[in-house]
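Taken in sequence, the protein lines are chains B and C.
Mapping of the first sequence onto numbering that gives the first Met the number 0: residues 0 to 296, in sequence order.
Mapping of the second sequence onto numbering that gives the first Met the number 0: residues 0 to 229, in sequence order.
These are calculated hints, taken from the structure and not from any lab test.
Treat the hints loosely; a few may be bogus.
[Unchecked claim] Facing chain C, according to a computed beta carbon distance under 7 Å, are these residues of chain B, among others:
1) G54
2) W58
3) N69
4) V116
5) Q252
6) N281
7) P282
8) E288
9) T292
All values derive from a computational prediction rather than experimental measurement.
We treat Cβ as the ideally placed atom computed from N, Cα and C, and that holds for glycine.
As a plain string of letters, each chain reads:
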Amino acid sequence: MTYERAKDAEQEAGTVPTPFPRSQQPRTESSATRTSAYGAARPSGTLARNVSVRGLNAWYGDNHAVKNLNFEIEPNKATALIGPSGSGKSTVIRCINRMHEEIPGARADGEVLLDEVNVYDPKIDVVAIRRLVGMVFQKPNPFPTMSIFDNVAAGLRLTGTKGVGLRERVEKSLRAAGLWEEVKDRLKEPGISLSGGQQQRLCIARTIAIEPEVILMDEPASALDPLSTLRIEELVDELKARYTIVIVTHNMQQAARVADSTAFLLDGELIEHAPTEKMFTNPDDERTERYVTGKFG
Amino acid sequence: MQETRVHFQEELAQLESQALGGLDLVVEALNRVMEALEHQDVELATMVIADDDRIDGRYLEVHQGILSLLARQAPVATDLRLVAALLDVVKHMERMGDQCVNIAKMLPVAGNEPPVEEEILKRLLKMGRQAAFQVAQAKQAFASRDVALAEDLVIQDDVIDRLNREIFREVLDCSGDADTREWSLLMMLVARSIERIGDNAVDIGEQTAFVVTGLFREFQDASHPDLNSE
Chain B
0 MTYERAKDAE
10 QEAGTVPTPF
20 PRSQQPRTES
30 SATRTSAYGA
40 ARPSGTLARN
50 VSVRGLNAWY
60 GDNHAVKNLN
70 FEIEPNKATA
80 LIGPSGSGKS
90 TVIRCINRMH
100 EEIPGARADG
110 EVLLDEVNVY
120 DPKIDVVAIR
130 RLVGMVFQKP
140 NPFPTMSIFD
150 NVAAGLRLTG
160 TKGVGLRERV
170 EKSLRAAGLW
180 EEVKDRLKEP
190 GISLSGGQQQ
200 RLCIARTIAI
210 EPEVILMDEP
220 ASALDPLSTL
230 RIEELVDELK
240 ARYTIVIVTH
250 NMQQAARVAD
260 STAFLLDGEL
270 IEHAPTEKMF
280 TNPDDERTER
290 YVTGKFG
Chain C
0 MQETRVHFQE
10 ELAQLESQAL
20 GGLDLVVEAL
30 NRVMEALEHQ
40 DVELATMVIA
50 DDDRIDGRYL
60 EVHQGILSLL
70 ARQAPVATDL
80 RLVAALLDVV
90 KHMERMGDQC
100 VNIAKMLPVA
110 GNEPPVEEEI
120 LKRLLKMGRQ
130 AAFQVAQAKQ
140 AFASRDVALA
150 EDLVIQDDVI
160 DRLNREIFRE
170 VLDCSGDADT
180 REWSLLMMLV
190 ARSIERIGDN
200 AVDIGEQTAF
210 VVTGLFREFQ
220 DASHPDLNSE
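Hey, can you work out the whole structure from these sequences and the hints?
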């Protein structure tokens, strides 16, 4: 788990890890406009970063799963990755927060730039990257022994947030995840007492509590019922005002509903990346056409 | 690669065939109403009016089929463009059927033995044949996704427009008695209906280009005629 790793790193370094030199800290919460890692002022309230994937290759042993991928993921937009099973979608997003290399035998090369910081720079602190790039998984995975409150607070406690500040941040995160009204009177109950859809929103609250800049979603609604799915989709629409969102989905209608742009992957290659409307009305590539119309599976 | 959604593709092809088959019904109605006009056959004209129910029925059938397909299959890309175009095609088909009815309704008004100006009638019959030809060409262009053939409809439609202007001039110059002038005016309305059928055929041509290219553009922009020559 990201937080457990962060905790280890914190104990080792004696401080919250950051991938940036202290002079280039990505946020200054007190100022009206926050300063990015590179000095450019950003409007208050948005944390989103541009993600630039350049010459990315990934392997599982000898299996070349992602082949020389180049594309841009815009801030404050939802970008969907679609493609058949085994096309490399999940591998790509796991490369963005360097989770891919956690799998035995897996490796990656190339560049993934968060604005201009290369997450594959050998000097980068991997744990801090994972704090900036949050991830929501297919199956809701709240910490099973923790209460609803503690699930959201866990990551925050690692950053030293306590007391009233902590409670405020938990409420803010639960509100942002659209869950507050449903759980405000039962914050001490176990996270796993919630329904599947609620658990997934709890995981999203947990992810946004530590204010990442990019949120990766790997099939976030595929284990949920249709109504919970629509709630997650609405949430994506709200969250993109603040974050960069990348969503992997097998459900093409979901991509069509939530994403501003859609990228189609096939056999580890990027076939086409265009505004979602174009991808679903008039794609350029014949293979995209055949995939979105369901002419091959 | 494995072919999938075979049933959906069959259903879509079936809807297209029903919609384009509707254009055959229009050609049939148009030929009949022109025959009725040529021979002042009020009975035949009445039949055209009654038979318009078939065209309306076809419209409803395809429209309902498309709604159902949209709801169940959520078509995208070329399939989506085809579905959107078919909605347009059936609407034009239904309008053309109505224009045939409009013409048919003129005939009893003109009477059983109206004073006929041969030149006007000759031109009207020519217009009718040309319009039927255009509807058939629109159908063929759509079915074969032939953009060049679809664009050619604009050139074909110029023939109708020219005949329409000639009829207008002749009606204006008509120096006959009151009955003849009245008949001439009714024939101007008939010409107008045929001219509209020609325009609908061009519109179907535009839908053909949309299905193929994914971009909708008017072949001829009536509100900006200056741009048409570009």
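Now the hints, each set against the structure:
| no. | hint | in the structure |
| --- | --- | --- |
| 1 | G54 | violated, 29 Å |
| 2 | W58 | violated, 25 Å |
| 3 | N69 | violated, 24 Å |
| 4 | V116 | violated, 37 Å |
| 5 | Q252 | holds, 6 Å |
| 6 | N281 | holds, 3 Å |
| 7 | P282 | holds, 6 Å |
| 8 | E288 | holds, 5 Å |
| 9 | T292 | holds, 5 Å |
Comparing the model with each earlier hint shows violations of hints 1, 2, 3, 4; every other hint is respected.
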